[in-house]
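2 protein chains.
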Amino acid sequence: MLYEISERIYKLEKEGKSLIKLNIGEPDWSPPASIMQTVFQAIKNGKDSYGSAAGELELRKKIAEMHECDAKNVVITPGSKWGLYALLKTQMKNNDNAIIFSPHWTAYELICQEIGFTAKIINLKMERNFEINLDELQKTVDSNTKFIILNSPCNPTSIGLSEQKEKQILDFAAEKEINIIADDAYRDLCFDSRKERKFADNLIIANTFSKTFGMTGWRIGYIVAKEEIIKKIIALNQITITCVPLFLQLAAIKALEQKKKIAGDARKLCKKRAELAVKIIQDKMQFTKPNAGFYIFPKLPENLETNKFVLNLLEAGIAVVPGAAFGDYPKHIRISLSADNKKLTQALEKISDSIKLHI
Amino acid sequence: MLYEISERIYKLEKEGKSLIKLNIGEPDWSPPASIMQTVFQAIKNGKDSYGSAAGELELRKKIAEMHECDAKNVVITPGSKWGLYALLKTQMKNNDNAIIFSPHWTAYELICQEIGFTAKIINLKMERNFEINLDELQKTVDSNTKFIILNSPCNPTSIGLSEQKEKQILDFAAEKEINIIADDAYRDLCFDSRKERKFADNLIIANTFSKTFGMTGWRIGYIVAKEEIIKKIIALNQITITCVPLFLQLAAIKALEQKKKIAGDARKLCKKRAELAVKIIQDKMQFTKPNAGFYIFPKLPENLETNKFVLNLLEAGIAVVPGAAFGDYPKHIRISLSADNKKLTQALEKISDSIKLHI
Chain A
1 MLYEISERIY
11 KLEKEGKSLI
21 KLNIGEPDWS
31 PPASIMQTVF
41 QAIKNGKDSY
51 GSAAGELELR
61 KKIAEMHECD
71 AKNVVITPGS
81 KWGLYALLKT
91 QMKNNDNAII
101 FSPHWTAYEL
111 ICQEIGFTAK
121 IINLKMERNF
131 EINLDELQKT
141 VDSNTKFIIL
151 NSPCNPTSIG
161 LSEQKEKQIL
171 DFAAEKEINI
181 IADDAYRDLC
191 FDSRKERKFA
201 DNLIIANTFS
211 KTFGMTGWRI
221 GYIVAKEEII
231 KKIIALNQIT
241 ITCVPLFLQL
251 AAIKALEQKK
261 KIAGDARKLC
271 KKRAELAVKI
281 IQDKMQFTKP
291 NAGFYIFPKL
301 PENLETNKFV
311 LNLLEAGIAV
321 VPGAAFGDYP
331 KHIRISLSAD
341 NKKLTQALEK
351 ISDSIKLHI
Chain B
360 MLYEISERIY
370 KLEKEGKSLI
380 KLNIGEPDWS
390 PPASIMQTVF
400 QAIKNGKDSY
410 GSAAGELELR
420 KKIAEMHECD
430 AKNVVITPGS
440 KWGLYALLKT
450 QMKNNDNAII
460 FSPHWTAYEL
470 ICQEIGFTAK
480 IINLKMERNF
490 EINLDELQKT
500 VDSNTKFIIL
510 NSPCNPTSIG
520 LSEQKEKQIL
530 DFAAEKEINI
540 IADDAYRDLC
550 FDSRKERKFA
560 DNLIIANTFS
570 KTFGMTGWRI
580 GYIVAKEEII
590 KKIIALNQIT
600 ITCVPLFLQL
610 AAIKALEQKK
620 KIAGDARKLC
630 KKRAELAVKI
640 IQDKMQFTKP
650 NAGFYIFPKL
660 PENLETNKFV
670 LNLLEAGIAV
680 VPGAAFGDYP
690 KHIRISLSAD
700 NKKLTQALEK
710 ISDSIKLHI
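Just so you know, the protein sequences line up as chains A and B, in that order. Letter by letter, the first sequence follows residues 1 to 359 of this note's numbering. Letter by letter, the second sequence follows residues 360 to 718 of this note's numbering.
Be aware that one or more of the hints could be misleading.
Pairwise CB distance ranges (calculated) [said to hold, decoys possible]:
#: 1; chain 1: B; residue 1: L361; chain 2: A; residue 2: E175; range: 38 to 46 Å
#: 2; chain 1: B; residue 1: N503; chain 2: A; residue 2: K195; range: 54 to 62 Å
#: 3; chain 1: B; residue 1: L378; chain 2: A; residue 2: E68; range: 31 to 39 Å
#: 4; chain 1: A; residue 1: K120; chain 2: B; residue 2: N503; range: 32 to 40 Å
#: 5; chain 1: B; residue 1: L716; chain 2: A; residue 2: E65; range: 46 to 54 Å
#: 6; chain 1: B; residue 1: K498; chain 2: A; residue 2: N45; range: 46 to 54 Å
#: 7; chain 1: A; residue 1: N144; chain 2: B; residue 2: E366; range: 34 to 42 Å
#: 8; chain 1: A; residue 1: K272; chain 2: B; residue 2: L416; range: 33 to 41 Å
#: 9; chain 1: A; residue 1: Q113; chain 2: B; residue 2: E366; range: 33 to 41 Å
#: 10; chain 1: A; residue 1: S143; chain 2: B; residue 2: N503; range: 32 to 40 Å
#: 11; chain 1: A; residue 1: S143; chain 2: B; residue 2: E661; range: 25 to 33 Å
It is worth saying that the hints were derived from the structure and are not from the lab. We treat Cβ as the ideally placed atom computed from N, Cα and C, and that holds for glycine.
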């Protein structure tokens with residue numbers, strides 16, 4: 001279905017149709033000019049030769065400082081997706097399994113399938129605000145559970161767990177000697193502004209420059225973990241991607257220097273957009289109010305057929321993603337609140353009107 | 360040993376020692392300013408969002424044109440190393456094996472190990488000019504041989520096979536229904552200037568922008584193959600690296616537009632350096648005269664202990680790589696002829712003098 005939608009989008013755009021694309025997990029802001037300038041200067045200065053498979057020491061140090069660990073605990077990766085793939089590929093053995101809370105980012109499951117181990121999926125319910133239940137977690141883990149993947153805030157719900165709940169899960173995992181993988185792609189965009197996550201021995205942090213800094217296509221992210229885990233990822237980097245371009249790593253250093261302001265601005269923008277979305281759609285659909293990021297994951301009324309609804313919407317010029325792309329959520333849609341106010345209002349009103357027509 | 364050398368280089372440089380580094384497989388030329396400018400313009404124009412996991416259509420078309428195939432036969436990869444990894448990872452099954460001619464680029468063997476299949480290594484002999492013997496090839500292939508990896512010109516010997524020999528190997532493989540993987544990283548640098556390799560059904564071409572264009576740290580390359588093979592690599596890209604940065608792909612398009620001149624200049628430079636090297640070392644060491652690229656792979660006199668020789672050389676300010684890094688060649692060293700004439704002369708004379716001292 002996702003493929004069919006992509007094809008239709010491609011076709012419609014080819015035909016010259018103007019679309020409001022709220023289907024992509026991509027912010028519409030760009031990194032500041034100073035970051036772009038850094039790339040150019042670096043290339044001009046010859047900072048474009050082979051680099052370390054671990055990443056540049058200066059960047060690793062800066063990241064280590066943020067998470068209160070050592071540079072040896074950090075590896076730079078071409079996006080956090082590669083980081084997660086390399087991590088799972090080098091760590092998962094035979095009958096190991098990983099717990100994934102659903103709705104979930106499609107990549108987790110696809111990576112599990114590719115590597116050939118079991119993903120144990122726990123379906124969270126909108127009716128319970130997508131909260132994680134510790135008893136259920138307790139029942140699901142077994143002696144082969146190696147990782148729990150925690151994506152808080154979550155793609156596609158844009159719900160970040162409370163710090164208290166996160167602590168409960170971390171403590172639970174520590175007790176069971178299970179590692180937590182915290183995919184923190186959207187953490188900077190928590191409306192309540194979180195501190196940087198502090199490294200711990202049973203914690204692995206995956207992060208990316210894509211969302212906070214609007215650098216999706218730059219392909220740069222990182223993994224923070226115990227040194228023995230990092231070493232294995234570095235060894236895989238050496239025989240696959242070699243390194244992340246040095247000039248992009250220098251830009252990432254520049255980005256981190258300005259993180260406070262950039263993240264603050266992005267957070268404010270996301271909050272405003274979420275409020276706008278809530279206001280427009282609240283009488284038409286059920287959803288859990290986002291407290292982070294730039295998604296909303298509403299449920300369509302029962303009588304609506306999701307795929308048909310999404311395709312009709314596309315013909316009307318608005319692209320969103322059917323919930324089935326994120327697990328067993330056939331009645332949901334994911335809307336990326338990633339457009340200017342005017343377009344966003346227009347699109348969300350159109351979505352609401354389409355629903356009114358059907359109820 | 361390689362690791363020990365890297366550590367020593369790092370230490371010596373930290374101590375402020377100036378080294379002539381002929382150990383890295385990296386040209387010392389840079390891409391023209393227009394290519395750098397393209398990156399900057401592209402980023403400024405917002406060409407930095409998520410891109411296709413297959414690569415940009417315009418770049419794929421340009422590459423397809425070069426190799427006389429369709430854009431569907433091309434996938435853009437972050438370096439040809441990733442291309443080779445993704446290719447072997449998605450194609451090799453159970454008991455499949457691949458033939459590697461040695462001396463060989465270390466990555467082939469490491470990738471085989473990582474993926475867990477057999478690399479059947481055929482050791483070529485300097486005394487026979489590193490020529491491939493078809494009878495030996497015939498004896499080595501078996502019913503499980505899926506690929507023959509052809510690296511012509513070869514890293515580390517800088518020997519390109521004659522077109523006639525290449526044709527014989529391609530014909531042999533076609534008859535046996537084995538696929539040839541042509542790793543053409545150095546093909547543009549053949550002193551006799553070869554035409555672009557033409558795609559064929561049992562041929563897979565791996566290439567990179569690293570060497571010809573001096574874009575090593577940019578991490579961009581490609582694979583040309585049958586569509587069914589390309590589709591599998593695209594699917595792996597989707598769940599790992601996502602895409603190569605769009606702004607780098609636009610720079611690659613710019614690079615291809617200027618390929619004739621850039622490759623021509625690089626070829627001439629390489630030829631001159633090879634001639635210089637041959638002249639300086641010919642009375643001191645045995646070697647096969649390079650007909651391409653920027654390496655030379657001489658054999659040390661029998662009484663010299665290679666590792667000790669290489670480490671002593673390093674203390675004297677010159678870095679080279681012991682032959683053992685490229686297979687069962689313990690008496691060889693690889694010299695990267697990748698420095699200006701003055702430095703190269705100085706380094707090669709120093710190497711020659713060190714040998715004279717010992718014979």
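Here's how the hints hold up against the structure:
Checked against the hint of 38 to 46 Å, the C-beta distance between L361 (chain B) and E175 (chain A) comes to roughly 43 Å, which is consistent with it. Checking the proposed 54 to 62 Å range against N503 (chain B) and K195 (chain A) shows it holds: the Cβ atoms sit about 55 Å from each other. Judged by the Cβ atoms, the range 31 to 39 Å given for L378 (chain B) and E68 (chain A) holds: they are separated by roughly 36 Å. For K120 (chain A) and N503 (chain B), the Cβ-Cβ distance of about 36 Å falls inside the hinted range of 32 to 40 Å, so the restraint holds.
In this structure, L716 (chain B) and E65 (chain A) meet the distance hint of 46 to 54 Å, their C-beta atoms being roughly 49 Å apart. A beta carbon spacing of about 52 Å between K498 (chain B) and N45 (chain A) agrees with the range 46 to 54 Å that was offered as a hint. Remark: the range hint 34 to 42 Å for N144 (chain A) to E366 (chain B) is upheld by a beta-carbon distance near 39 Å. Between K272 (chain A) and L416 (chain B) the beta carbons are some 36 Å apart, a value that agrees with the proposed interval 33 to 41 Å.
Checked against the hint of 33 to 41 Å, the pair Q113 (chain A) and E366 (chain B) passes, with Cβ atoms roughly 39 Å apart. Taking 32 to 40 Å as the suggested C-beta distance range, the pair S143 (chain A) and N503 (chain B) conforms, at roughly 37 Å. Roughly 58 Å separates the CB atoms of S143 (chain A) and E661 (chain B), a value that falls outside the hinted 25 to 33 Å.
Hint 11 alone, counting from the list given before, is not met by this structure.
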